[in-house]
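Using the sequences and the hints, build the whole thing.
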Amino acid sequence: MSIIDTNTVPAEATAAEVPTREPRRLRKRKLTPAGLAKRSLHYLVLAGVLVLLVGPFVFTLGTSLKGPADSVFSYPPYFIPRDPTLDNFSKVADVIPVGQFIWNSLIVATVSTVTNILFGSMAGFALARLRFRGNMTAYLLFLATLVIPFEVIFISVFLTSKQMGLVDTLAGVILPTAVTGFSILLFRSAFLSLPRAIDEAAVLDGATEFQRYWRVSMPSVTGTMAVVGIFSFMFAWDDFLWPQIVLTSQQNYTLTVGLQFLAGAFADDQKVVAAGTMIAVIPLIIVFFLAQKWFFRGAGEGAVKG
Amino acid sequence: MRPRRLLTPWVLLAPALAVALIFHIVPFFRTVQLSFTDFRLASGGEYIGLENFGALASSDVFWLSAGNTLLYVIVVVPLLVMLPLFLAMLVQPKIPGIAFFRASFYTPVIASMVVVGLIWVFLLREQGPVNWLLQTLKVVQGPLPFLTDATLLLLSCMLVTVWKGLGFYMVIYLTALANVPGELHEAAQVDGAGGVRRFWSVTLPSVRPTMLLVGVLSAIAAMKVYAEIFVIAGETAGPGGQVRSLVFTIREVGSGFDGQVGYAAAMSLVLFVFTIGLTVALQKLSRENEEA
Chain E
6 MSIIDTNTVP
16 AEATAAEVPT
26 REPRRLRKRK
36 LTPAGLAKRS
46 LHYLVLAGVL
56 VLLVGPFVFT
66 LGTSLKGPAD
76 SVFSYPPYFI
86 PRDPTLDNFS
96 KVADVIPVGQ
106 FIWNSLIVAT
116 VSTVTNILFG
126 SMAGFALARL
136 RFRGNMTAYL
146 LFLATLVIPF
156 EVIFISVFLT
166 SKQMGLVDTL
176 AGVILPTAVT
186 GFSILLFRSA
196 FLSLPRAIDE
206 AAVLDGATEF
216 QRYWRVSMPS
226 VTGTMAVVGI
236 FSFMFAWDDF
246 LWPQIVLTSQ
256 QNYTLTVGLQ
266 FLAGAFADDQ
276 KVVAAGTMIA
286 VIPLIIVFFL
296 AQKWFFRGAG
306 EGAVKG
Chain D
18 MRPRRLLTPW
28 VLLAPALAVA
38 LIFHIVPFFR
48 TVQLSFTDFR
58 LASGGEYIGL
68 ENFGALASSD
78 VFWLSAGNTL
88 LYVIVVVPLL
98 VMLPLFLAML
108 VQPKIPGIAF
118 FRASFYTPVI
128 ASMVVVGLIW
138 VFLLREQGPV
148 NWLLQTLKVV
158 QGPLPFLTDA
168 TLLLLSCMLV
178 TVWKGLGFYM
188 VIYLTALANV
198 PGELHEAAQV
208 DGAGGVRRFW
218 SVTLPSVRPT
228 MLLVGVLSAI
238 AAMKVYAEIF
248 VIAGETAGPG
258 GQVRSLVFTI
268 REVGSGFDGQ
278 VGYAAAMSLV
288 LFVFTIGLTV
298 ALQKLSRENE
308 EA
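Chains E and D, in that order, give the protein sequences. Just so you know, the first sequence maps onto residues 6 to 311 in the working numbering. Just so you know, the second sequence maps onto residues 18 to 309 in the working numbering.
Simulated from the structure, these hints should not be mistaken for lab results. On a predicted model such as this, the values are computed, not experimentally measured, just so you know. All C-beta atoms in this analysis are idealised placements derived from N, C-alpha and C, irrespective of residue type, glycine included. Please note that a few of the clues may not be correct.
Far from chain E, by Cβ distances over 12 Å, these chain D residues were calculated [stated by the list, open to error]:
id	residue
1	Ile65
2	Phe70
3	Val92
Pairs of lysine-lysine, DSSO-like flavour, derived with a Cα cap of 30 Å [to be verified]:
id	chain 1	residue 1	chain 2	residue 2
4	E	Lys43	D	Lys241
5	E	Lys298	E	Lys43
6	D	Lys111	E	Lys298
7	D	Lys241	E	Lys167
8	D	Lys301	D	Lys241
Next up, the structure:
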C-alpha cells in the first residue's frame, strides 16, 4: 500500500533524515533501497494495469494497419504490422459513407454540447438565483427526469418523436438529451456556491436578470461549463440505443450505429473493422488528452460542489 | 417592470422545462398508460387491463431477460465497487508520470461501448489473443468459445462492462481519497499500523459513502445494460437468443414496423420498479451496515 501524500512524511524516509523543510525535493533525490524497491514495484503494477486497459486499443490500432501479407490471428499474436498499409481505412470509406457518419456525429455532439451548456445554465441560474413561485416544483421536475431512466421510456419517446415528425432526423436524436437533468443540477449547484455579494452589487447597478445571468454569473462557472460540455459531447458521440431506434436510413446514421452496421457487413475482415473502430475513437482520444487538465480539475470541482 | 420580472425565470426555464416535459415526464406517464393496452406501432390497440403483465409472468423470454439482468448486477457491481478503489489508490500518490497513467486508465471510458465491444469481440475470438494467452499460461487446454457459448458470452459482456467502467469510478474514488485527511494515515503509521491495516481502518471507513454511491450508480447502469449485449452477442442475442437483457428485449419487442408497444411498455415498467427497488435496497443495506 503506497499512499503517499505530499504533506505526510514519506514512508521511505528513515528516522535519521526526516525531512522537515523540503520533503518533495529530498524524496526525489534520495530514495532508500527499500523505498526504491517499493517505488519500482509501484511502477511495475501501474505498467501492468496500463497494458490491460490501453493494450486492447494499441493492439487494434496495429491490426488496422496490417496489410494483406499480415496475419490477424497468429500464435503468438503480434501487433506491429510487417506489411503496413492504410488500405483498411479507405476500405471502410468504400463500404460505408464514413465521412457522412462522422459529420452526423459531429453535428449531434456539438449541438448537444451547446444546448446543454446554454439551456442547462439558464435553468440552473433561475433555480439557484431567482426567487419565484414554482421554483421548487421546477427543481423537483428536473430531479424526476434523473430518476426515470431513459431506457424505461424510450418506446414512448419514440411514439412522441414519430408524432412530431422527428423520426429519422438528427434533431430527433438530439432533442431528448438537448438539456439533461444532470447539466441543470450541476449548473444549479455551481451558481448556488457563488457568493451572493456579486449578485447584489449587480442588482444595485440596475442590472436585469438576464445581465446578472450572462454577464456576472456565467463567467464565474467556467469549470462547470467545461464539465457539462465534455460530458455532453462524449455522451452524444458515444450513444447507441437512441440513435439506433430513431434513425432509419443509412445516410442519417451516427458513427456508432454506422460502425455496428460495418461490423455486421465485414465480420470476416477484422482489419477493416479495426480501422473503423479507430476512426471512431482516435479523435476522441486526442481531444481528451488535450483537455485532460481541464477535465480532471473540472470533474473534481463539480463533484465537490455537487 | 414587475410583470417582466415575474416572467424572467420562466423564460430562462422554458427550454429545459420543454425538454423535460415532452421527452421525459409525459413519456413516463404515457408508458404507464400504454402498459394497459395492446397498442402496436402500425395497427393501434385498446385497453386490456392487466393482460400484458399476465403475459409477462408466463413468458420465458421475459424471465430469461430479467434473470440475466439481475445476474449482471450481482456479478458486475461488487467488481465495480472494489477494483476502481484499488486503481484510485494506485494513481493517487504524486509520483513522476502519474498524470499520464491516470489519463490512460480513463481511455476505455471515453471510447463508445460500440467501439469497446467490437475491440473485445476481436480479442475474444477463438484464435484471438486472449485465448492464446490463456493457453500459453496453461490455464486452459484448448481455446474457450467466448463468443459462441451462451454462458461465456454473458460473462464476456460483463467483462467488457467492468473493463470500460473502471476508469469512470476510479475518478469518483480519487475525489473521495483526496478528502481523506493525511493526518489520519500519519497517526496510524506512528501507531505502527502496516499498509493492510491502514487500508482497513483508515481508507475503507473514509470512502464508505463513496462506495455506496458507486454501488448505486453501477447497479443502475447494470440494470440498463444494452449496447454491450447487442454488439457482442449480436442482434439475435447469441445462440438460441439466450444472451439478452431487459432493455434488449424491450427494444426487440417494442420497435420495428409493427412493434408491440403496449407489451414493451409493461416490461419497461417492470424495469423501472426493479431499478428503484434496487436503489432503495442498496441504501437501506448500507445504512444498516453503518449502524452495526
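Status of each hint after checking the structure:
The non-interface label for Ile65 (chain D) is consistent with chain E: the shortest C-beta to C-beta separation is roughly 17 Å, beyond 12 Å. Annotated as non-interface, Phe70 (chain D) keeps its C-beta farther than 12 Å from every C-beta of chain E; the closest such distance is 15 Å. Non-interface call for Val92 (chain D) relative to chain E: holds, since the shortest CB-CB distance, roughly 19 Å, exceeds 12 Å. A distance of roughly 41 Å separates the Cα atoms of Lys43 (chain E) and Lys241 (chain D); the hinted pair therefore is violated under the 30 Å criterion.
This hinted pair checks out: Lys298 (chain E) and Lys43 (chain E) have alpha carbons roughly 28 Å apart, not beyond 30 Å. Between Lys111 (chain D) and Lys298 (chain E), the direct Cα distance comes to roughly 15 Å. Compliance with the 30 Å bound is thereby established for this hinted pair. At roughly 24 Å between alpha-carbon atoms, Lys241 (chain D) and Lys167 (chain E) fall within 30 Å of each other, so this suggested pair holds. Between the alpha carbons of Lys301 (chain D) and Lys241 (chain D) the distance comes to roughly 22 Å, so the proposed pair stays at or under 30 Å and holds.
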